[in-house]
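*Asks:* Read off the chains here:
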Amino acid sequence: MQNSTVKTGSPAASTETTVALVGNPNTGKTTLFNALSGLRQHVGNYPGVTVERKVGRFKWRGASFQIIDLPGTYSLAPRSPDEMVAVDVLLGLQPGERRPDVILSIVDASNLERNLYLTTQLMDLGIPVVLALNMTDLAEAQGRLYDAAKLQERLGIPVVPLQAHRGIGLDDLRKALAHGVASPKAQVRFPDIYEQEARYLADFLQENLKDPHGHNLLDQHSAWFLALRLLSDQNGYVERDLTKRLGAELTSRVREARERLNTAGCPVAATEAAVRYAWIRERLRDTFTEVPRPSRDWTDFLDRILTHRVWGMVIFLALMFLVFQAIFTGAQPLMEGILAAQAYVADLVRNSLSPGPLRGLIVDGIIEGVGSVLVFLPQIVILFGFIAILEDCGYMARAAYLMDKIMARCGLSGKSFIPLLSCFACAIPGIMATRVIEDRRDRLATILVAPLMSCSARLPVYVLMTAAFIPTNTWLGPWLPGLVLFCMYLIGLIVAPLIAWILKRTLLRGETPIFLMELPAYKWPSPGMVLYRMYDRGKAFVVRAGTIILATMIVVWALLYFPVEGTDDTGNPVNFDLRMADLEAAQEQVQSELVSLHEAGDQTPELEAKTTRLEQNLEALREEAAHIQGIWKRNSILGRMGRAVEPVVVPLGWDWRIAMAVLASFPAREVVVGTLGVIYDAGSEVDEYSPSLHSQLQAARWGPDSPRAGQPVFTVATALSLMVFFALCCQCASTLAVIRRETNSWLWPLFTFTYMTGLAYVGALIVYQTATSLGG
Amino acid sequence: MTLAELRVGQKAVVDKLEGDSAIIQRLMEMGLLEGQIVELLGVAPLGDPLEIRLGSYRLSLRKSEAARILVTPLRD
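Sequence order for the protein chains is A and B. Numbering of the first sequence is given in the working numbering, commencing with residue 1 and proceeding in unit increments. Numbering of the second sequence is given in the working numbering, commencing with residue 1001 and proceeding in unit increments.
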């Protein structure tokens, strides 16, 4: 608890009722949250933890509500700082957060007993609780018809039957919240001796936990709640947290209390659950009628196929292939559309502004930056569409079930599989998808190795290097380039589990989290929910990662733009930007002459000669432009940086120009092809298939100062070392920005960047040295 | 006998949970209480984890955890 004072709320805020929405996973909690607040939501992070803070607002008959969506949980026994957030919010100890006025406890009626476990914990908090009895239709289909009035009487809290996905019961729920609710009339009673110990602890907490002004932090109920948690959760987070504040005295008090209880035959590990379930069963008796259960259970039938030894795996692999294919190729036209729109806007601006730093900043910094944010959107939205469908229909848990054994080998769980697989298309949606992993360490390990998977942006580098340098005339014939490409993908597949394994034994060491996963009943996914998830994730990416990406793109633009003045080959001073603009204008002039010649039609010998002359002219202008651009960029700040780091990269077989291209591609690895084009005077319009770029690279020679002067820069060994470097390095500002967002800390993106760069360097070094000594 | 040793399709009553108290607490919170009837629904294709039914819901847990749960099989 990072508690300061209990928030009492300002007078203005007190007209608004704060509702905390709490429930187990798979209860329709998000559906209810969306149904109540529409799209009037604000998403942020709680300080210091990875928990997303989701707040919505709604009005009903003049009353205003603020609704806080707390993470889905089965119990209020916190085992990590992340889980502690929910407890802090409910106790009013979360800084900057008003204590909720009402708790809305959503439960799955088809599984009421276990869902009420959490509700009984909520009823201990001393805040009014309203029970949203969701999925009553499903309960009925399974044979149970609840009597809400009777349930309300037995539990001592208002009960509202609900079918959130159909919008049935929402008004009753709003009415119940607006009416003002009294605190729960009943509470689970623990054995006398247990309550006595808890009372002692509660008194101790209430007396000793004070804010800086000496006021008590806890009211009676909160102290009671925390005391129960202290007693019941061994190695729990409450104990760890309170020990920090109250010191060893608390620890010894708690230990002694537990010992007394254990000797009295009331073991703490078993008491809470046994007592609560007994209470629930007692109260639920005769609150429902059994209705004849229609037909057989679809979930049993589907599970028999979908988790079948053979068919289950076949269907799973087919589904994964479909998802992967959709991200990989389905997003392609959309991404191309975004890039085309970006080029169109860039042209528009280029033509309406005069050349200079401002135009450069807008066109190559801002528009390029915005484009590089938006270009990821199709993949994110498509992946989250699939994930939402798989999750909503209940298959996601089966996927984790099928893959758990494999993932357990490297210390992760089955829940990491789909996020990691998605990273083969793009690490960004993959990292965002790790939210399905509840365990904090597992989730972090998954996030940290995710960028090692060979994403689609690495492919152009592989293709360029393979096409230009991997020979097809060996005994492997045309198979060698394909084999090299395959090995590049294999690198990630081997290294990522290895790093995860190491991380789970070092930095993220801890008890193996217990794998206890609910396999929910299958149901039809709700289209509204799926669309909402796509929108929500897309927005989260653009709003909260976009700014960092944009900033990085602007910095790299500046490093490549300045200094803009220098000298050309003949030693004359030149402003590169203006010179490029002149050359481009000249090219356009020639081009339009060519077009008008072409339109003239009749092919007389004079016209043909003129055409040839103009074409030669155009080609010369293009070459000059490429040459000037090359000088400019080689002399830019980044070019100088490349020269400065050359000694470091020579052991990898790179010259300073490769170093510069690699430096330029740290924000986004796919720019390396274009940058190599510029640096090697092939122009910036090349792609990985351009023969001009291939021949320029093949012709590149080491500079006169080098011991290898005159020898080709690119050999098979250099090409391999460059590819391995790209396979292992985290050259993607967007990925780092998303890691920052998802972990809510700068530490982890920094860590990822550092370890991957180190790994890439060592990998490239080993590959180059081995390949050269083998005579590559 | 433990939950991990049941045959697929076999039902049993939970007798006792063994091991670390934090894990016992987690298992119990999810409804694995003494006296609860459980049914082994299946084993994942790669041999682990298991799928069990508890009353009206299904849980998946690894064999290492299931081995902490002592059960008495019910006659079919």
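The set of hints was computed from the structure by calculation and includes no laboratory data. Don't take each hint at face value.
To be verified - Selected chain A positions facing chain B (in silico; Cβ < 8 Å):
id: 1; residue: Tyr117
id: 2; residue: Ala269
id: 3; residue: Asp404
id: 4; residue: Thr472
id: 5; residue: Leu519
id: 6; residue: Lys523
Beta carbons: idealized from backbone N, C-alpha and C, even for Gly.
*Asks:* Now, for every hint given, state plainly whether the structure supports it.
*Replies:* Now for the hints, and whether the structure bears them out:
1. Interface restraint check: tyrosine 117 of chain A against chain B, minimum CB-CB distance 6 Å, threshold 8 Å, status holds.
2. Restraint check, alanine 269 of chain A versus chain B: the minimum CB separation of about 4 Å is within 8 Å; hint holds.
3. The beta carbon of aspartate 404 of chain A comes within 5 Å of a beta carbon in chain B, closer than 8 Å, and the hint placing it at the interface holds.
4. Interface hint status for threonine 472 of chain A: violated, as the beta-carbon distance to the closest one in chain B is roughly 39 Å, over 8 Å.
5. Interface restraint check for leucine 519 of chain A: the shortest CB-CB distance to chain B comes to about 4 Å, inside 8 Å, so the restraint holds.
6. A hinted interface residue such as lysine 523 of chain A counts as satisfied when its beta carbon comes closer than 8 Å to some beta carbon of chain B; here the least separation is about 14 Å, so the hint is violated.
Going down the numbered hints, you'll see the structure goes against 4, 6, while the others check out.
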